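K.L.:
First to last, the sequence lines map onto chains A and B. Quick note: the first sequence uses my numbering, first residue 1, plus one each step. Quick note: the second sequence uses my numbering, first residue 1001, plus one each step.
It should be emphasised that the hints constitute simulated quantities derived from the structure, not laboratory data. Keep in mind it's a predicted model, so treat the numbers as computed, not measured. For every residue, glycine included, the Cβ atom is placed at its ideal position computed from N, Cα and C. One or more hints might be untrue.
Just a sample of chain A residues kept apart from chain B, beta carbon distances all over 12 Å, derived [unchecked claim]:
#1 81
#2 101
#3 114
#4 144
#5 181
#6 203
#7 208
#8 238
#9 239
#10 247
#11 251
#12 267
#13 331
#14 418
Computed footprint of chain A on chain B, listed as stretches where at least three residues anywhere in the stretch have a Cβ under 8 Å from a Cβ of chain A [stated by the list, open to error]:
#15 1015-1029
#16 1158-1168
#17 1186-1192
#18 1263-1274
#19 1314-1325
#20 1329-1335
#21 1353-1365
Derived CB-CB ranges, DEER-like [unchecked claim]:
#22 90(A) x 1195(B): 38 to 46 Å
#23 1021(B) x 253(A): 48 to 56 Å
#24 1098(B) x 274(A): 33 to 41 Å
#25 274(A) x 1375(B): 25 to 33 Å
There are 2 protein chains.
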Amino acid sequence: MFSPEKVDFSTISRALRSHLNHAEFQLAAGLLGGLHIAQTIEHLEALDATEAALAYRLLDKQTAVLVFQELDAPVQADLVRALQSQIVIDAFAQLPAAGRVALLDELPAMVATKLLAGLPTATRQETGILLGYPESSAGRAMSPDFISTHPQLSVAETLERISARLGNCENAQHILVIDDERRLLGTIKLSELLTEPAGTTIGELCTQSPVVQACEPETSAARVVVDRKAGMLPVLDREDRLLGVLTLPMAIAILEDAEERRSAYGSGTDPLFRPYLGTPLRHLVKARVIWLLVLAIGATLTVKVLSSFEQTLESMVVLSLFIPLIVGIGGNTGNQAATTVTRALAMGDVRGSDFWRVLMREVRIGAVLGLCLGAIALVVAGSIFELRIGLVIGISLVALCSIAAAVGGVMPIIGKFFKVDPAVFSNPFISTFVDAAGLIVYLSVAVLILG
Amino acid sequence: MFSPEKVDFSTISRALRSHLNHAEFQLAAGLLGGLHIAQTIEHLEALDATEAALAYRLLDKQTAVLVFQELDAPVQADLVRALQSQIVIDAFAQLPAAGRVALLDELPAMVATKLLAGLPTATRQETGILLGYPESSAGRAMSPDFISTHPQLSVAETLERISARLGNCENAQHILVIDDERRLLGTIKLSELLTEPAGTTIGELCTQSPVVQACEPETSAARVVVDRKAGMLPVLDREDRLLGVLTLPMAIAILEDAEERRSAYGSGTDPLFRPYLGTPLRHLVKARVIWLLVLAIGATLTVKVLSSFEQTLESMVVLSLFIPLIVGIGGNTGNQAATTVTRALAMGDVRGSDFWRVLMREVRIGAVLGLCLGAIALVVAGSIFELRIGLVIGISLVALCSIAAAVGGVMPIIGKFFKVDPAVFSNPFISTFVDAAGLIVYLSVAVLILG
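Same shape as in the complex, but just chain A:
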């Protein structure tokens, strides 16, 4: 191991600079990891602004906190400005997402809020890369635009303190109460604050609020905001320090995007995220063609199944008349279950651990549905064609509906387990599977009964 005390300053500085400029961030981080706080600061000061920002971002959180505190205010400001620069963002954006998460520790709360403050919303998502939170996490969606106060201040002092910000803050109706270490103590509504005696201290008034960790998925955080009618949700880092707030409009946007995705995937298209009539035709074709192709390839399975029963079909052509009916009922039963469970997952009503409960429910529902349809089919097809045909269709439907409902019900859960959007994993692909399974069931029953 190299020992920084023994190596002279300029050698390390040269190496550090070279690593940073060649995007060898792992090596740079290793080099920085061997330094004391004082040495780190010395090196940061020797680097140019962009290099210093890159180097700073590679520090572990503990060190980053201590280093930032030691810097003079103007140097702090320079550092934050350099962190906001496109060059620094791009440098880390180029890393693969997994590598980035492994390399970049959480940014200290005080730096993170400074970094986000004043940035337009559009660039905030991109800057989120620097914060070290995964894509589609609450930390990426949060806003630094909130009003805070301290628990030992009085109502009057708070009103004076915040009055300048009230006019231009989007989220002025909730005031966050934080201690000197940015730990959240609670929240208080602006409207409630106005009804309290001027001398009361904030600490007595604020109430606990639901919170979310920055690394949690944005959709579940958005659900909390919308379901609790909370107006906003404080976003905290791993040390429970306040980073920002997830606002209600942002939460709605997140859920609507998720819904757009669910609805599109559920019918086998890519989501558009823009007005239909304003979308060029080629985009609409592009959003659909790959899905159609993949589904068509999946559907060749049905050709395979049918060709293995070609003899049966040849000896009894009447069987082929019911193929679309059987396949259709199976597909519908599967889609019903898949849509219900996909939505239940999105609403948080069903979790991954409910796999067996969902499976057992859907098998039973499918069996009941199959019995209803099968009984009718037995009577109708039995009287129009012949009893044996009615029997084949009736029995097939009982088996098929149970299978289809079960598969449809658990596929979204399986999708979620593999971190694939449950909607992608469900309706269209269930149809493919259920179509083939339905044909196997139908023609096997036919072979059994008709010989």
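Place chain B on chain A using the hints.
P.N.:
Using the frame of chain A, we list chain B on its own:
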């Protein structure tokens, strides 16, 4: 015609009482319509509280305004209390919805707000019947829980006036500015109010706000609240008098219910509106079985189509191998279009008048998709089976995809035109139609090419 001047008071009063007690509201309204204001008041005073409330509700709006103004404050309060009673609500709830709308004129804004104020949210929807607004209208979903002020008051006067209400009002962040006739002049944010000099008059500060008429559908009103990030939307009656506000949480709930419905109908089930795991099995079966049956009956169309081509199928069994593939691709193409357009309708991106634009777009998209899939099918099926089979499938797919996309695209618009939820009218039923159409196309092309 009877002339009230000539008939003595007690005769009319007896007739009125009898009509009211026998729920002959049309007759009672006719009787009341022939009276002068002073006579009406006299008769209302002679009736018991419930009868008076029933009679009052049958007055036309103009008369109702004048009558209410003439009553003493305690009598007004008694009347409002009687209007809130379950007996009165039930009496009108029993009328068929269409008859009710024809019979009940809009309630005057000042009575409507008094009627709603203080009622718990749960009973508000039911009381909405009395307001005379159609089901699922903004007037039924609005809340009377808002804070208002007058334009000639100063900031300080307004703050003093509203301070008592700030603590217990859910929607305290927006203050509505109304004139003495309850006409909305604009809104101002509480947080902005606090930053203004105490002496400024409200009239100079308030800004225009989007508004909604009470009779407009709740979903489009909810869209405005959510899209404009407005926080709330003032609800006005036909004379532009303020009735209440549609709050953001309410707007979200409305859109989520609409989404639940869209997602359920789109996959052929009834919406659940409750957690999946908490729903008894028989409810889940009930939500699905009718749809499955209707769809299965629709699918017998495919049996009909196929039996008319039985000879063709008999002479070339290989054709039957591709039935599920053809049917599946058609269904998928139709569903893609239907889902995209259904969502676009819900988001307000597409309107009924866009019928032809959507039709032309979807025909072209379908043709392109059909050409892609058809070309591949031609090559693959042509090489594995024989060229003629490939040709049949390829040509069928071009025609089918165009039809399916076009039908899928316009069905939701047709549904909306007939005031059926576009989602109900789309995916499942499109499949039924497209399945049958696909088989006709496929087997007709086969007859043409294979002879």
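K.L.:
State for each hint whether it applies.
P.N.:
Structure-based check of each hint:
1. The Cβ of residue 81(A) sits about 29 Å from the closest Cβ of chain B, beyond the 12 Å cut-off, so the non-interface label holds.
2. Even its closest Cβ contact with chain B, about 32 Å, leaves residue 101(A) beyond 12 Å, as expected for a residue assigned away from the interface.
3. Every beta carbon of chain B lies more than 12 Å from that of residue 114(A), the smallest distance being close to 24 Å; the non-interface claim holds.
4. For residue 144(A), the non-interface assignment is confirmed: its Cβ lies about 17 Å from the closest Cβ of chain B, beyond the 12 Å cut-off.
5. Every CB of chain B is more than 12 Å from the CB of residue 181(A) (nearest about 27 Å), matching its label as outside the interface.
6. For residue 203(A), the shortest C-beta to C-beta distance to chain B comes to about 19 Å, beyond the 12 Å cut-off, and the non-interface label holds.
7. Annotated as non-interface, residue 208(A) keeps its C-beta farther than 12 Å from every C-beta of chain B; the closest such distance is 18 Å.
8. Every C-beta of chain B lies more than 12 Å from that of residue 238(A), the closest at about 30 Å, which supports listing it as non-interface.
9. Separation of residue 239(A) from chain B is adequate, the least Cβ-Cβ distance of about 30 Å exceeding the 12 Å criterion.
10. The Cβ of residue 247(A) does not lie farther than 12 Å from every Cβ of chain B; its closest approach is about 9 Å, which violates its non-interface assignment.
11. Listed as outside the interface, residue 251(A) is inconsistent with that label: its C-beta sits roughly 9 Å from the nearest C-beta of chain B, within the 12 Å cut-off.
12. Distance to chain B contradicts residue 267(A) as a non-interface residue, since its nearest Cβ pair spans about 4 Å, not more than 12 Å.
13. The non-interface label for residue 331(A) is inconsistent with chain B: the shortest C-beta to C-beta separation is roughly 8 Å, within 12 Å.
14. Even its closest Cβ contact with chain B, about 21 Å, leaves residue 418(A) beyond 12 Å, as expected for a residue assigned away from the interface.
15. Evaluation of the coverage hint for the stretch 1015-1029 of chain B: breached, as 0 residues show C-beta separations to chain A shorter than 8 Å, against a requirement of three.
16. Using a Cβ-Cβ cut-off of 8 Å, 5 residues of the stretch 1158-1168 of chain B lie near chain A, which meets the minimum of three, so the contact claim holds.
17. Residue count for the stretch 1186-1192 of chain B with a Cβ under 8 Å from a Cβ of chain A: 4. That meets the three needed, and the coverage hint holds.
18. Judged by the Cβ-Cβ criterion of 8 Å, the stretch 1263-1274 of chain B is covered by chain A as claimed, because 7 of its residues qualify and three suffice.
19. Coverage of the stretch 1314-1325 of chain B by chain A holds [criterion: at least 3 residues with CB-CB distance below 8 Å; count 9].
20. Check result for the stretch 1329-1335 of chain B against chain A: holds, 5 residues qualifying (beta carbon to beta carbon below 8 Å, three or more required).
21. With a cut-off of 8 Å between beta carbons, the stretch 1353-1365 of chain B has 6 residues touching chain A; three or more are needed, and the interface restraint holds.
22. Look at residue 90(A) against residue 1195(B): about 39 Å separates their beta carbons, and that is inside 38 to 46 Å.
23. Restraint check, residue 1021(B) to residue 253(A): a C-beta distance of roughly 54 Å satisfies the suggested window 48 to 56 Å.
24. The beta-carbon spacing between residue 1098(B) and residue 274(A), approximately 39 Å, falls within the hinted interval of 33 to 41 Å.
25. Restraint check, residue 274(A) to residue 1375(B): a C-beta distance of roughly 29 Å satisfies the suggested window 25 to 33 Å.
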